[in-house]
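Student: Sequence:
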Amino acid sequence: MSQQETHGFQTEVKQLLHLMIHSLYSNKEIFLRELVSNAADAADKLRYLALSNDSLYEGDGELRVRISADKEKGTVTISDNGIGMTRDGVIEHLGTIAKSGTKEFFNNLSGEASKDSQLIGQFGVGFYSAFIVAKKVTVRTRAAGTDVAHGVLWESEGEGSFNVETITKNERGTEITLHLRDEETEFADDFRLRSIITKYSDHISVPVEMFEEGTPESEGPDGEKIEATEGAWKAMNKATALWTRSKSDISDEEYQEFYKHISHDYSDALKWSHNRVEGKQEYTSLLYIPKKAPFDMWNRDSKHGLKLFVQRVFIMDDAEQFMPTYLRFVKGLIDSNDLPLNVSREILQDNQITKALRQGMTKRVLGMLEKMAKNEPEQYQEFWAEFGQVLKEGPAEDFANKEKIAGLLRFASTNDNSAATTVSLDDYIERMKEGQDKIYYIVADSHEAAVNSPHLELLRKKGIEVLLMSERIDEWLINHLTEYKDKKMHSVTRGDLELGELEDEADKQEQEKVAEEAKPLVERVKEALKDKVTEVKVTTRLTDTPACVVAGEGEMSTQMIKLMQAAGQPVPESKPTFEINPTHPLVERLNNEPDEELFADWANLLLQQALLSEKGSLADPSAFIKLMNQMLMAGLK
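In this text, residue positions in the sequence shown follow our numbering: the first is 1, and each later residue adds one.
In short, the hints are calculated from the structure, not lab data. It is possible that part of the hints are untrue.
Stated by the list, open to error - Only pairs whose alpha carbons sit at most 16 Å apart, straight line, appear in this in silico EDC-like list of lysine to aspartate or glutamate:
no.	residue 1	residue 2
1	136	70
2	402	370
3	291	320
4	485	403
5	402	483
Claimed, not checked - Distance windows between CB atoms, simulated:
no.	residue 1	residue 2	range
6	379	232	45 to 53 Å
7	367	157	45 to 53 Å
8	60	568	32 to 40 Å
9	149	359	34 to 42 Å
10	93	400	49 to 57 Å
Glycine included, every Cβ here is placed at the ideal spot set by N, Cα and C.
From just these sequences and the hints, can you work out the full model?
Tutor: Okay, here's the thing in structure tokens:
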């Protein structure tokens, strides 16, 4: 008995269909690439499952994808004899988008077609691309190994709902028929379809076939009889796994199309590396660095990893065991001759071969990036703008490659002050002052806050470069990257500034003299602020600012406190060290104030200013404003 049901599309599917139809009209032919790609994946999955259950082939082990068109009816049909789908699978896969971060993706859409089409490329639309050219889509499918009576018919006009019905289907696999819109009938032409297959699907490892009509009996130029030929299905593609071919035989266009096949990205890749390794281990890898970050890159639950093949047999998607998390943007595949065909994710987890392959893949990607950074700095800057924050996770995750990763990091610096211009740690070391043995840096809430921080005053005066860090991950990074090439990383907002040999004897003597003369002032400020600070001292870092706060040695920095609070972690209470600049007019005014109550108000005002400059906010802004107004009114009298 036929069981019919009508289901509503998931809200995100409806949004995607509307957006896709209106945004991808300039590149309509990609629908065929996407549907052929899905069909080839279905064949790969059946080949893998049949390794342990040969009956899934149902007596037909010749896997293929077939494409046909009917001009009169205005239809295009893409069929495969791959794994197929059950009724539940159809409802799940063709009615919902099961991707992490989907809602965030749609929140990023602007409504402007040209911009949103780029975002769709990052999202990957797969099956739904059919609706770019079709007014109605009909899917007939049956899962391999199930009874012929368990076929499923799915049909929709791509609006609010879809219909599902149980049917009889003799052949396993999936058949998708597109009922073309009136203005899209060009795609019902065999020649047009062949040209698209040749353009997009040459690299696919299963045959993509079209029917070629036979020829009637005829007579040759010399009167000889030419036998009639029967029509037959013929492969339009090379049907050879691209990565198994010699690099010299593969064009850049083929590499790019293969990237789009495995990633479902609409943009070209930025770089790729194709390598065959023989010896102790035998494997082939094809790794790509995308141009654009995927929409869900910051979702830790999103799937990432390489496609895994064993002896050219597809095993699994998103095999994360072969690539560290900080390189999760890398797309591609690995084809191993050493792993067993029945390998599972659990077996991969603690497998020595897996570990060796992971090391090899990591080394390969870092090598690609080093080469790009050295030889194509503009292209590397393009990469850094998209993936730099992810790469900053590396020093904490990958101790063995910490130095190599650190060499790939880029930061803004006082050498230019622009957020757009970045420098490497090697650039910084090359410009270090004679006698300088530390890499100075500052972490702040924003680039502007870093550039204008009072902590930089003395260093600017002495012409010492400071790295300007303002991304959320920077404080976490610097906790794991404490030195580079024997040069310690030193925060200009922490403890003593420690300029070492960069301070001449005259500077030291002058600082000691100022500190000695300011001892009574320091004691008065300590008394006035005794419950609010850990220590009061004369500053060595300020030239134009009256006071600042710093984190003492062993204490949490302001940025680390903010990170922990944002993560909902408890933060121990701490009080800052308060540094004053006795040569500043305001501090001189403070020193000359005989009224201890007024002195305490001035000291509090300077502390609150310093805290505001350092943290960007105050625990009690109203009290600060009240105190400031009070002091301003007193000054007007």
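Student: Could you work out which earlier hints the structure fails to respect and list their numbers in ascending sequence?
Tutor: Violated hints (numbers, rising): 3, 8, 9 and 10; every other hint is consistent with the structure.
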